[in-house]
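Q: Sequence:
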Amino acid sequence: MTVATTAEQVAAQEAVRAFARTSNVIEDARDETGTAWRRVWSPLADLGVFGVAVPEDAGGAGGTLADLAAMLEQVGHELIPGPVVTTTIGALLCSTTGVPSSFVDAMVTGARPAAISSPQSDAVVRTGDDGRLYLTGTYPSVHGACAESLLILSAHHDAEATWVLVEPDQDDVDVTPLPGVDFASPMGRVVCRDVPVVAEIRCTHGSVDDLHVAGMVAVCSGIARKCLDIATSYAKLREQFGEKIGRFQAIKHLCGEMLCRAEQAAALAWDVASVDAEDRPLATAAAAAIALDAAVDNAKDCIQILGATGFTWEHDAHLYLRRALTLRHHAGGSGRWRLRTVERARADGGRELYVDLGEAESDRNRVREDLATVAGLPQTDRQRALADSGYLAPHLPVPYGQAASTAQQVLISQEMQRAGIERPNLIIGWWAIPTIVEAGTPKQLERFIGPTLRGDLTWCQLFSEPGAGSDLASLSTLAIRAPGGWRLNGQKVWPTHATDADWAICLARTDRDVPKHRGITYFLLDMSTPGIVVRPLRAITGEPMLNEVFLDDVFIPDDAVLGQVNDGWRLARSTLANERVEMNTGTLGAPTLNLMALSEKCDDAVELDKAGALTAQAIANSLLAHRSLLERMRGAQPGAEASLQKILGVRQRQQVAELTLQLRGFHGVSAGPEAHEFFLTRALSIAGGSAQVLMSLVAERMLGLPR
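Mapping to our numbering: the sequence shown position 401 is 401, numbers consecutive.
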């Protein structure tokens, strides 16, 4: 995933990439004099980077902040030198605030770079007898400051925070260059002594600080992605102990974690550049809380994977670490943004995520009328009505569903929520039905689909065994041919609802003489069949949630085989991959909202920091799901991204449950719903494939690391 979502943005990124390659900008980033960036400054202006988001009537390209973010992401990816962020954001700020056009033009054309200070300042603006504004103050470290930079500085005017534009070439302005860890990012100490102000900046896009950080976040997204690219490319080629190091689980998991960070950073950078100005404060805080660290951590892990090679001056990896550290410094560190995330989220409770449904929108009135009829029924009759009308599972083909597109499914979910209709949870039925629809005979379809949708049949899953959990293909339950069917013998473990399910989807080995994946058959098992013994297992919550199931010479007729004999592994993978389109209604879920409510009474800085981090993680994860939904609406097929999202979602929910207990103080160890949630969430990183196995899968399927 990248920030770019339109063809124009992708083309703009490609233009930046081509410019960087042609100009060999990476060598400028390595130049310790700190002045090499000037070599590419004018050509970069010719490329149009500085005026991307500046209105056309102010001399810019008239693009959006999202267009600018896409280009800045590529600037980070290519490590283009110079005060690019401050100049692009400075040009945008000044173009909409009454600053004389000559200053905007100077930034857009590359004649003058811009610098932006931190919002924390003791500087003061006074109104002189001549009606002009004068600035006095000291700024220890200003991002982008050099001798020729136009200065955008924070101050207080009549006790109110403000921002002003100042020219540096005046007697009462001192700009002292400061050596930085990033040689290609100028910064300086600025002292102003009663200096005339060019103009006061009143930002119409949100706060100056938020826009400045939004630009830095976009660059950080590019850095995080580039470091991932470097590390994975190396892991595919480097050999140790006779193998490519990318085959080692330790390397796969390091790369997988880098991918998680890069994906979150890209989603957040895209979001903060795309939202309305009123939603930007929370979006910016969440983005900075995660993306700044993502760039630094990915650069560090990149060096780790490269080993001694990464520790050499000649390799580029340390240059990305230098840039990431510098950006995090100028953003004020990630800690203040974690605190700001939880504060801003408390204030507005998150926000709704908008989806443009396109042509599907024309169906809304019809769907609303249909669902109003369902909503008028008694609760006990709603499931049957939803099933018979195709609204319960609209993704299924007619007559079981409505063959609804992704956009239509979202619309139906929206209208169900509006009508106050809760979609019945078929539990394992959601897994069984699509596979039966895919491979079932006409009689099987008639026998199982309608009754399951209407709630007349319930299901459990008999896949896992004592010796076959994540390695499901190692199952040993045996199915032997018998007159008219098969005899099953073996043991299944961990299924939920096995004590009350009517039917089970069951895998058994029907051929022991072929490779393990090929000799498996998919059965539909009547749970009332003689020879089935179900023994409940008590979970760590204290409840009998799980079961073990013993199959002793259980007879299954031939008409209960789903698909072809020995083709069960393919169908099992289809079952595990089946995924309905769920509407992601907002950026924060109930557990996180509860955590924020508890944090209001918290005065522990460490725990507040954790609360902010988890709130930002919730926002990032919701945005990843939202971006996946948008990709599905464009026709993309679901892939390993779902596994990545599960890893991140489970991790966040487990940490939220634990911090919730901590915030309750002495009450945290009392038996109650919070303790129950904490213990319950421990299953999330085990069920459906352990988090560690999923991380290896993500590294192999999304990054192409060797199996």
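Hints are supplied without guarantee of correctness; some may be wrong.
Computed cross-link-like contacts, DSSO-like style, restricted to lysine-lysine with a CA-CA straight-line distance of at most 27 Å [claimed, not checked]:
hint, residue 1, residue 2
1, Lys-244, Lys-516
2, Lys-646, Lys-236
3, Lys-646, Lys-601
4, Lys-516, Lys-300
5, Lys-300, Lys-244
Here are the simulated distance ranges between beta carbons [claimed, not checked]:
hint, residue 1, residue 2, range
6, Ala-161, Gly-349, 23 to 31 Å
7, Pro-179, Glu-359, 33 to 41 Å
8, Pro-483, Glu-446, 47 to 55 Å
9, Thr-64, Arg-21, 38 to 46 Å
10, Asp-348, Glu-160, 31 to 39 Å
11, Pro-179, Gln-304, 21 to 29 Å
12, Asp-456, Leu-478, 30 to 38 Å
13, Gln-304, Asp-456, 19 to 27 Å
14, Gln-304, Gly-665, 36 to 44 Å
15, Glu-160, Thr-541, 47 to 55 Å
16, Arg-364, Ala-161, 27 to 35 Å
17, Arg-21, Gly-665, 50 to 58 Å
Keep in mind that the hints were calculated from the coordinates and are not lab data.
Think of the CB as a built atom: it goes at the ideal place given N, C-alpha and C, for glycine as much as any other residue.
Q: Now look at each hint and say whether the structure bears it out.
A: Hints, one by one, checked against the model:
At roughly 26 Å between alpha-carbon atoms, Lys-244 and Lys-516 fall within 27 Å of each other, so this suggested pair holds. The hinted pair formed by Lys-646 and Lys-236 meets the criterion: a straight-line CA distance of about 25 Å does not exceed 27 Å. Pair hint Lys-646 plus Lys-601 does not hold up; C-alpha atoms about 31 Å apart against a cutoff of 27 Å. In summary, the hint linking Lys-516 to Lys-300 is not supported, as the alpha carbons are separated by about 41 Å, beyond the 27 Å threshold.
The suggested pairing of Lys-300 with Lys-244 holds, with an alpha-carbon distance near 21 Å, which does not exceed 27 Å. For Ala-161 and Gly-349, the Cβ-Cβ distance of about 26 Å falls inside the hinted range of 23 to 31 Å, so the restraint holds. For the pair Pro-179 and Glu-359, the supplied restraint of 33 to 41 Å is violated, since their beta-carbon distance comes to about 58 Å. Judged by the Cβ atoms, the range 47 to 55 Å given for Pro-483 and Glu-446 is violated: they are separated by roughly 25 Å.
Restraint check, Thr-64 to Arg-21: a C-beta distance of roughly 26 Å breaks the suggested window 38 to 46 Å. The supplied range of 31 to 39 Å is broken by Asp-348 and Glu-160, whose beta-carbon atoms lie about 23 Å from each other. For the pair Pro-179 and Gln-304, the supplied restraint of 21 to 29 Å holds, since their beta-carbon distance comes to about 27 Å. A C-beta distance of roughly 32 Å is found between Asp-456 and Leu-478, which places it inside the suggested range of 30 to 38 Å.
Remark: the range hint 19 to 27 Å for Gln-304 to Asp-456 is contradicted by a beta-carbon distance near 56 Å. Distance hint for Gln-304 and Gly-665: a CB-CB separation of about 38 Å, consistent with the stated range 36 to 44 Å. At about 54 Å, the CB distance of Glu-160 to Thr-541 agrees with the hint of 47 to 55 Å. The beta-carbon spacing between Arg-364 and Ala-161, approximately 44 Å, falls outside the hinted interval of 27 to 35 Å.
A hinted range of 50 to 58 Å holds for the C-beta pair Arg-21 and Gly-665, which are about 57 Å apart.
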